[in-house]
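Participant: Note that UniProt numbering has the sequence shown beginning at 1, numbered continuously upward.
Just so you know, these hints were derived from the structure itself, not from any lab.
The C-beta atom is built at its ideal place from N, Cα and C for all residues, glycine as well.
Some hints here could point you the wrong way.
Restraint ranges, calculated between C-beta atoms of paired labels, are given here [to be verified]:
#1 Leu3 <-> Leu38: 46 to 56 Å
#2 Leu6 <-> Leu26: 57 to 67 Å
#3 Leu6 <-> Leu47: 56 to 66 Å
#4 Leu9 <-> Leu49: 49 to 59 Å
#5 Leu7 <-> Leu41: 49 to 59 Å
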Amino acid sequence: MLLLLLLLLLLLLLLLLPVLLLLLLLLLLLLLLLLLLLLLLLLLLLLLLLLLPTTTTSTSTTTTTTTTTSTTTTTTTTTTTTTTTTTTTATTYYYYYYYYYYYYYYYY
Numbered sequence: 001m002l003l004l005l006l007l008l009l010l011l012l013l014l015l016l017l018p019v020l021l022l023l024l025l026l027l028l029l030l031l032l033l034l035l036l037l038l039l040l041l042l043l044l045l046l047l048l049l050l051l052l053p054t055t056t057t058s059t060s061t062t063t064t065t066t067t068t069t070s071t072t073t074t075t076t077t078t079t080t081t082t083t084t085t086t087t088t089t090a091t092t093y094y095y096y097y098y099y100y101y102y103y104y105y106y107y108y
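Generate the whole structure from the sequences, applying the supplied hints.
Facilitator: Set out below in structure tokens:
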């Protein structure tokens, strides 16, 4: 009787073994998928950190005023040059702004 019970238990184990192996394989695949998703999230975070560079900006302004006087007209020309240099980790951008102001004074 005990031998019959052992044989029946062995047969049940042999029948359940493919199901248990399949469940173990599905669990391993799920774990691998979660690990791959975590790796993709870390790569996306690294890409985001690389795309947000640190920026330093320096601005200098130069103003030149020239006055020309004749007997009836005084012309004052003011040229203002503003140079803004923005330095990032990858590239340096130069922006030049030129402002020209012309003032005409007429004397009667």
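Participant: Against this structure, judge whether each hint is valid.
Facilitator: Structure-based check of each hint:
no.: 1; hint: Leu3 <-> Leu38: 46 to 56 Å; result: 51 Å, holds
no.: 2; hint: Leu6 <-> Leu26: 57 to 67 Å; result: 30 Å, violated
no.: 3; hint: Leu6 <-> Leu47: 56 to 66 Å; result: 60 Å, holds
no.: 4; hint: Leu9 <-> Leu49: 49 to 59 Å; result: 57 Å, holds
no.: 5; hint: Leu7 <-> Leu41: 49 to 59 Å; result: 51 Å, holds
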